[in-house]
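Read top to bottom, the protein sequences are chains A and B.
In this text, residue positions in the first sequence follow the working numbering: the first is 1, and each later residue adds one.
In this text, residue positions in the second sequence follow the working numbering: the first is 1, and each later residue adds one.
Check each hint, because a few of them may be wrong.
Here are the in silico distance ranges between beta carbons for each label pair [unchecked claim]:
| no. | chain 1 | residue 1 | chain 2 | residue 2 | range |
| --- | --- | --- | --- | --- | --- |
| 1 | A | Tyr23 | B | Arg147 | 50 to 58 angstroms |
| 2 | A | Gly126 | B | Leu149 | 43 to 51 angstroms |
| 3 | A | Pro87 | B | Gly59 | 44 to 52 angstroms |
| 4 | B | Val63 | A | Arg62 | 38 to 46 angstroms |
| 5 | B | Gly59 | A | Ala157 | 37 to 45 angstroms |
| 6 | B | Phe229 | A | Lys224 | 36 to 44 angstroms |
| 7 | B | Glu95 | A | Pro87 | 44 to 52 angstroms |
| 8 | A | Pro87 | B | Arg198 | 34 to 42 angstroms |
Covered, in the sense of this in silico footprint (three residues per stretch, anywhere, with C-beta under 8 angstroms from a C-beta of chain A), are these stretches of chain B [stated by the list, open to error]:
| no. | stretch |
| --- | --- |
| 9 | 26-38 |
| 10 | 86-98 |
| 11 | 148-161 |
Hint data in this document are derived by calculation from the structure and do not stem from the laboratory.
Beta carbons are placed, not taken as given, at the ideal position from N, Cα and C, and that holds for glycine.
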Amino acid sequence: MIDAALFQHTVVNLFQGFGLSVYIGLTSIFLASLIGLGLALMRISPNALASRFSFVYSTCFRGTPLLVQLFILYYGIGTLSFVRESPALWWLFSDGGRCAVLAIALNSGAYVSEVLRGGFQSVPRGQIEAAKACGMSATLRFRRVVFPLAIRQALPAYSNEIVLVIKGTSLASTIAVMELTGHAKRLMNQNYAIIETFILAGMLYLMINFFLLACVHLLERRLKH
Amino acid sequence: MLETIQSVLREGWGWTLLRGTAMTLLISILGMALGVAIGIAGASVKTAGARWSSLLVSGYTTVVRSIPELLIIYLLFFGSVQAAADLADALDWQEAMTNWFPALVGILAIGLIAGSYSVEVFRGALKAIPPGQIEAAKAIGMAPWQRLLRIVIPQMFWYALPGANNVWQTALKDTALISLVGLVEIMRAAVLGAAATREPLALYLMAGALYFVVGVGSQGVFVLAERHFGRGMKGH
Chain A
1 MIDAALFQHT VVNLFQGFGL SVYIGLTSIF LASLIGLGLA LMRISPNALA
51 SRFSFVYSTC FRGTPLLVQL FILYYGIGTL SFVRESPALW WLFSDGGRCA
101 VLAIALNSGA YVSEVLRGGF QSVPRGQIEA AKACGMSATL RFRRVVFPLA
151 IRQALPAYSN EIVLVIKGTS LASTIAVMEL TGHAKRLMNQ NYAIIETFIL
201 AGMLYLMINF FLLACVHLLE RRLKH
Chain B
1 MLETIQSVLR EGWGWTLLRG TAMTLLISIL GMALGVAIGI AGASVKTAGA
51 RWSSLLVSGY TTVVRSIPEL LIIYLLFFGS VQAAADLADA LDWQEAMTNW
101 FPALVGILAI GLIAGSYSVE VFRGALKAIP PGQIEAAKAI GMAPWQRLLR
151 IVIPQMFWYA LPGANNVWQT ALKDTALISL VGLVEIMRAA VLGAAATREP
201 LALYLMAGAL YFVVGVGSQG VFVLAERHFG RGMKGH
């Protein structure tokens, strides 16, 4: 069995990365939801250009690995001279943590947009017509009828995307951001307590996922009434 | 950007990337095959097995699906690298070990991950086969292996194709993570090229394009397979 000192060392180290993983995960989920909502609205809009853009965006981001996207942002964009010269862009692309959040949010946004598009398209035509007949304006219709109905439809599939984002945060370790997986890798390399480290780190990821899924589930239940 | 890509290609990195693509395909296909085997076994256990064994399968799918792929790859790699090195020393296979050990880890990792998603895909496919057909096969005196070979397996694969396509696309993209333990597939080839040419943007864009092309191409294969094996199925 694992000895107490090693156990404590592992736990302390993993907890150092835990907070960062949660932070990257939550920020990415928030940004991905905004990006996804924007893309989904573009996709269903009558404007052909907007809808085409949204389709191409989501096909490209869903068709390539997140690791490639992360490396393009962190190692690729940073070499462009105009990025190096603009303080705002350099602030964004020079930091591994910010790059990881951006990459995960852009990637997950593509998946969220598909989920939300499904939700928007599931809203019955009759409901929209009824809202029009009552004299609701387009924004009011969206706020009171289309959006609430679409969200209810999309929530179960949305929870899958949350798990994907949390798993995606582990890639931040590949650009030297020391989050949970980064610390776990270092520990596995150092003290050979490989199984113990894996179990502890895995349990922390399970905890994050179960907690977030429980939140979505609660939201789902509240929206039902 | 086009000029940069041309000069990168002139330096021979195109071939390295193509060889990497072959490795990506090899690992994805073998990993997916293992995943399908795990998926069918897990689905059979969940539909017909004892309660405790089906709980075990559920535990496996829940845990593997909620833990980062990267962590699973690190577990398999760091967990066996010492033993593999010792074995290679004892057998004098050091070269084979450096070349093929990451590939083995990759196949195992992709198999475990794809397997965890495949269980539900194949369970759904098994459930979709009408029980009346099994009863009819029994009634005309087919042996259990005949029923399996002629009734269950052909239909199960067809019902599973759309879900398997999703699992395959994920598996294909997950292979990029195996570059992090040293397997020279598309991503690792791009990392090596980026370091040598100092053109990371061009190399990673090319890697992304290769994954995209392989993904779209294999999507086409799945569509064709669905059409081909769907002959004689209801509604096709």
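Hints versus structure:
| no. | hint | in the structure |
| --- | --- | --- |
| 1 | A:Tyr23 x B:Arg147: 50 to 58 angstroms | holds (54 angstroms) |
| 2 | A:Gly126 x B:Leu149: 43 to 51 angstroms | holds (49 angstroms) |
| 3 | A:Pro87 x B:Gly59: 44 to 52 angstroms | holds (50 angstroms) |
| 4 | B:Val63 x A:Arg62: 38 to 46 angstroms | violated (25 angstroms) |
| 5 | B:Gly59 x A:Ala157: 37 to 45 angstroms | violated (23 angstroms) |
| 6 | B:Phe229 x A:Lys224: 36 to 44 angstroms | holds (40 angstroms) |
| 7 | B:Glu95 x A:Pro87: 44 to 52 angstroms | holds (50 angstroms) |
| 8 | A:Pro87 x B:Arg198: 34 to 42 angstroms | violated (24 angstroms) |
| 9 | 26-38 | violated (count 0) |
| 10 | 86-98 | violated (count 0) |
| 11 | 148-161 | violated (count 0) |
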